[in-house]
Amino acid sequence: MLVRSTGVSEALVEPVALMTGAQTEGFAELYERTFPRVYAYVASLLRDRAAAEDVTAQAFERAYRKRRSYRAGRGTTEAWLFGIARNAALDELRRRKRRAGLERDHEDSGAPSPHDHAELAVRRETVRAALASLDPRERDLIALKFAGGLANAEIGRILGLSESAVGTRLHRTITKLREACHE
Amino acid sequence: MSEHDPSTATIDRDLAAIEDALANGVAVHPNPSARELQELALALRADAPEPEPEFAGELRTRVEAGFPPAPGSLGAARASLRERLRPGRLRRALPAMGVIALILVPLVLVVSLAGSPEEGDGGGGGGGGAGSVAPEAAQDSGGRAIAPAPSSGGVAPGQSNRKIERSIGLELEAPVDELQRVADQITSVTNRHGGFVLSSSLSTGDESAGGDFELRIPEDRLRPALRDLSALATVRSQSQSGRDVTREHVTARDRLQAARAERRSLLRRLEDADTDEEAEAIRTRLDLVSAEINGLRAQLRDLRLRTNYAVVTVTLLAAEDSADEGAGAAGSFDDAVGDAGDLLAATAGIIIRVLAVALPLALIGGLGWLIGAVLRRRRRESALA
Chain F
1 MLVRSTGVSE
11 ALVEPVALMT
21 GAQTEGFAEL
31 YERTFPRVYA
41 YVASLLRDRA
51 AAEDVTAQAF
61 ERAYRKRRSY
71 RAGRGTTEAW
81 LFGIARNAAL
91 DELRRRKRRA
101 GLERDHEDSG
111 APSPHDHAEL
121 AVRRETVRAA
131 LASLDPRERD
141 LIALKFAGGL
151 ANAEIGRILG
161 LSESAVGTRL
171 HRTITKLREA
181 CHE
Chain U
1 MSEHDPSTAT
11 IDRDLAAIED
21 ALANGVAVHP
31 NPSARELQEL
41 ALALRADAPE
51 PEPEFAGELR
61 TRVEAGFPPA
71 PGSLGAARAS
81 LRERLRPGRL
91 RRALPAMGVI
101 ALILVPLVLV
111 VSLAGSPEEG
121 DGGGGGGGGA
131 GSVAPEAAQD
141 SGGRAIAPAP
151 SSGGVAPGQS
161 NRKIERSIGL
171 ELEAPVDELQ
181 RVADQITSVT
191 NRHGGFVLSS
201 SLSTGDESAG
211 GDFELRIPED
221 RLRPALRDLS
231 ALATVRSQSQ
241 SGRDVTREHV
251 TARDRLQAAR
261 AERRSLLRRL
271 EDADTDEEAE
281 AIRTRLDLVS
291 AEINGLRAQL
301 RDLRLRTNYA
311 VVTVTLLAAE
321 DSADEGAGAA
331 GSFDDAVGDA
341 GDLLAATAGI
351 IIRVLAVALP
361 LALIGGLGWL
371 IGAVLRRRRR
381 ESALA
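Chain order of the listed sequences is F and U. Mapping to our numbering: the first sequence position 54 is 54, numbers consecutive. Mapping to our numbering: the second sequence position 274 is 274, numbers consecutive.
Hints were generated in silico from the structure; no laboratory data involved. On a predicted model such as this, the values are computed, not experimentally measured, just so you know. For every residue, glycine included, the Cβ atom is placed at its ideal position computed from N, Cα and C. Check the hints yourself; a few may be wrong.
[As the list claims (entries may be wrong)] Among the chain F residues that face chain U by a calculated CB cut under 7 angstroms, a handful are: (1) Ala40; (2) Glu61; (3) Leu90; (4) Arg137.
[To be verified] Selected chain F positions facing chain U (in silico; Cβ < 8 angstroms): (5) Pro36; (6) Phe60; (7) Pro136; (8) Asp140.
Model the full structure from these sequences, guided by the hints.
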């Protein structure tokens, strides 16, 4: 069974020492700790499971190859890894745009399970519809926060914003999302 | 109310409520609006896509294997190259590279300094610091290398038996307090090589200190004698000249043979003379021929002396600043310090020149990289536009 991250507190765990001698082992720990969230973030952004798998694998491989370039002074390992994953996902989005112009998104990021409670299924659909009404930058922010489970400071590192600016944007976005859910 | 223009307090409250909900997994905030945001946050997290177990297992295997590239692929070749250029390997090679650099850099600097025109008349610096200069490497005051005097042969090619009159001029420089010692050694070296001192003068006073020596060195010992003389002090200059006197020698020898033959003939005629007048005339002629023979013999002797012995004129000069303490004939401490200073100045000059080129390039490169990074970021972000 997949263990969901415990959210913000998880992001405050001490960064893995990637520059130590046992680099492969350190990277494996980072992978175990972040893989589900990286995948969730990438899939939320791309809304295409097959592409999300490719991009997630590509992001981890890139991170592994570049692990010696990580500098602790420039943020946590998670912020560094999610930055790589975000770049890979954005590159994929650009490629897709080039390929298909304004092609509709697949939106196959998880259909409701038949075993889901009806009320829960309705709720999920409502949230997904509301998410679709957000612009891509807002969806990116929501994905980093709730699928990636990152702290506001880490999101700030990735987006090049201050922590307070991230908080303000996040509040505005989630408020907008709530309103969209009510419509 | 606060939905369109929320206050900072409301934002802080809502954000704290969201973080609480994400940390505890429950939406229990007393404020309904904040609680609603908590529920939404939990719903968003719960709705996050989950990876397929097969994909997760496959990727974990690749991570544990260190993302091995497919054999024979471009990635495998790159990985092999990266392994060869690994910092650890480079670090191991650093000492050897450092030693090579330590040898090569000063060598290049010294060669470049020695080759620069302003160093040619350095007056005791640079090459002067080496102390003695062998004739093979000696330079005249113009900085031109002087070929060593050959032990045989001469100006006229094609004949090995030429008679060559050689003159060598040698200027040696030594500190004032070393002049006497060098003068003694000049005589000693001359004697050791079978030569002799024709004349010498030496002054060791502070004013016009120096000396002149006119030496005769056997032709066949000239090369080693010059080498030994050059080793006595710093060679400031060396010159040589050669004059082919073979014709004079042959002429004198032929004339001597003819004069001897004439004398023998005159002596026979004198024995056969019938009258006193005839005998008197023959005697007068014999006197003339004998005088001519003596003159030719002297001429030949002089020629032999001049060709068998080279004339070596040694001028001994007092070195400038030779009164300084610690100065020596064969490279003083001051010379070494001066050379080191010159070398450092030259090195600093080279570094400044390199920096003058490298810094603007680095700035341009850095600016280009920065602009590139910004453009790359913008291009990526355009995917979200």
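Next item on the list: Hints the structure violates: just list their numbers, smallest first.
Entry: none
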